[in-house]
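*Asks:* These protein sequence lines map, in sequence, to chains L and X.
With the UniProt record's numbering applied, the first sequence corresponds to residues 1 to 260, in that order.
With the UniProt record's numbering applied, the second sequence corresponds to residues 1 to 340, in that order.
For the record, the hints were derived by calculation from the structure and aren't laboratory data.
Every value quoted in this text rests on a predicted model; they were computed, and no experiment measured them.
Hints are not guaranteed to be accurate.
In silico contact screen, one side only, chain X against chain L (beta carbon under 8 Å); selected entries [to be verified]: (1) 10; (2) 218; (3) 242.
We treat Cβ as the ideally placed atom computed from N, Cα and C, and that holds for glycine.
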Amino acid sequence: MFNYLLRFFWVTSITLILSPLVLASSWQSFEPVKKFLDGSQPATSGLKLDLPLVSEDGSSVALEVSFEGQLKSGDQLESIHVFSTGNPNPEIIEFHFMDPRVLPKVATRVRLNETQTVIAVAKSREGATWVTEREVRVTVSGCLMRSDEDAEAGMQNPRIALPRRMSAGQALDVRTLINHPMETGLREDAQGKLIDQNLIEAFRLQLGGETVFRAGLHTGTAANPYIRVQLKLDTSTPAVFSWKDQQGQEVQEEREFQLR
Amino acid sequence: MYDWYLDLLDNHQLLVLWSTALLGLSFGALAQWSRFCLLRGLVEACQQQSYQKLRLFVLALAFALLGSQFLVWQGIVDLQASIYVQSTPPLLALLLGGVLFGYGMALANACGARSLVLLASGNLRSVVTLFALALAAGMTLSGLLAPVRIYLEDLTRVELPFAQLPAWMTLPLVAVALAWVLKSDQFRRSPKQLLAGALIGLLVPAGWWITGYLGADDFEPVRLASMTFVAPVTETQQYLQLSTGTRLSFGVVLVAGVLAGALLRALLGREFAWQGFESISQLQGSLVGGLLMGFGGVLALGCSLGQGLTGVSTLALASMVALVGILFGAWLKIRLAARA
Chain L
1 MFNYLLRFFW VTSITLILSP LVLASSWQSF EPVKKFLDGS QPATSGLKLD LPLVSEDGSS
61 VALEVSFEGQ LKSGDQLESI HVFSTGNPNP EIIEFHFMDP RVLPKVATRV RLNETQTVIA
121 VAKSREGATW VTEREVRVTV SGCLMRSDED AEAGMQNPRI ALPRRMSAGQ ALDVRTLINH
181 PMETGLREDA QGKLIDQNLI EAFRLQLGGE TVFRAGLHTG TAANPYIRVQ LKLDTSTPAV
241 FSWKDQQGQE VQEEREFQLR
Chain X
1 MYDWYLDLLD NHQLLVLWST ALLGLSFGAL AQWSRFCLLR GLVEACQQQS YQKLRLFVLA
61 LAFALLGSQF LVWQGIVDLQ ASIYVQSTPP LLALLLGGVL FGYGMALANA CGARSLVLLA
121 SGNLRSVVTL FALALAAGMT LSGLLAPVRI YLEDLTRVEL PFAQLPAWMT LPLVAVALAW
181 VLKSDQFRRS PKQLLAGALI GLLVPAGWWI TGYLGADDFE PVRLASMTFV APVTETQQYL
241 QLSTGTRLSF GVVLVAGVLA GALLRALLGR EFAWQGFESI SQLQGSLVGG LLMGFGGVLA
301 LGCSLGQGLT GVSTLALASM VALVGILFGA WLKIRLAARA
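Pulled out of the complex, with its shape left as it was, chain L reads as follows (with noise of 0.2 Å):
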């Protein structure tokens, strides 16, 4: 009796000793980003995932992601992805970087269905790789009232907000917004029937015909997607932001960066 107790008195401290070290990387028992790490041991500093630690509304939540890790020379980062462990659908959004004028710094507003882990992962060009994690605490919301969204509608409405006085080599935040339910596909109308899947799959920035950064939109982005990019530039160049949506519709807004 005594002996059962004392082993049992071991296994519960030894479990409680080692279930936060367990619970602490998540990203490492978590099957989709062990899918897209592919093996590769990725490096647990330089990427940054700021999150409010308690929202009261989980359908959008802020999030910003920035990448301030080293880089071999010449290596460059091609992509950021974020992933939900509490959603349904692992995916929130995911962005490619395709030109140096683009900074590694992005921010969105995202879905999250209830308390859990969100896990960003970012890769370079040659395969290095980068993990972080950040717990977010979703509660019921406060005082909250949706007026139910068209679940059908199209894109509407695109917004580009940039700085009122650009210069060269400065940072520049370009915010970006644009009217669409973002219907997941899996939410159920008042008669109990699943409402159709209507998502923006993809938003574009070109600058001077080229393009620079694309993000790649999920379930888990929030409804009117908004994303926030960083540009240095070093002349004044034109720019146009696209969306497209998944019956493949596609809205432009054309803008010109007028640095002084």
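For chain L, the structure is supplied; the task is to place chain X on it using the hints.
*Replies:* Just chain X now, kept in the frame of chain L:
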């Protein structure tokens, strides 16, 4: 300095926070100066047939209504986007929440806003009231009691034929209120009361203007709000504990502003004095009153100021129901106390 000013204008969120701090500061100082308190007004009206304090509240209400509807008329803010204007409000939950809030307010001898002002004047009884209020409000918003709140709200939702009174009702309502307020010679001859009532009332449209006009931004909208003190008190408590992982919000800055404003005015007016509990029953009153105000205030979507001034300034029917609940709850407790 000039650069700092330009940067502030570029960053609407920062601009809203600084303006909110000024708003809170003004309210704290004015409320401390004039002893603005709906409860005191009700108690004096019930027990001494003296209506001076109640007149002060009604005067503020008239100016809040007039100012807010002026902003709507000018198209500067759209109050239909506020939480008070609902076409299917949970009327019974609002009424019940109001009654619990009013009862708690009378039990604790101060509402949320008044407790903040008192605390800044050295009244330590308010500490208990405020922490109890913050705890109960947090539990009801997002904690253990949240499922109860959501159940009650869904159970009692009523479809209203119209969510607000028509805007033209503003003028007759304001006229009636002013006529009653100015009927009293004593009140008319007190410039302090007249000034304080009008200014406190005008802080409500000022709040709408800050969040609705200064905070208007397609990309990062600020939630439309004005003076209210239940959610902000619990937000402040949460912010104290989680500031590394949350952002400063309207409510937190408002509460900090009120505390600072009231403290400043209490020190300048040499009215700062430490006070504590004199009996166990007083402690019980503060504790239970605070808990009731927290739960009731969240259910009613606001306190005596949040619904009474700010909510009613939108002409929302739901707010009027909540205000009736608050008045009834407070009256009930005052009568029970008088009988005992």
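*Asks:* Take the hints in turn and mark each one as holding or not.
*Replies:* Checked hints:
1. 10: Holds, about 6 Å.
2. 218: Check passed: Cβ of residue 218(X) comes within 5 Å of chain L, closer than 8 Å.
3. 242: Hint on residue 242(X): holds, closest Cβ of chain L at ~6 Å, below 8 Å.
When the structure is compared with the earlier hints, no violation turns up for any of them.
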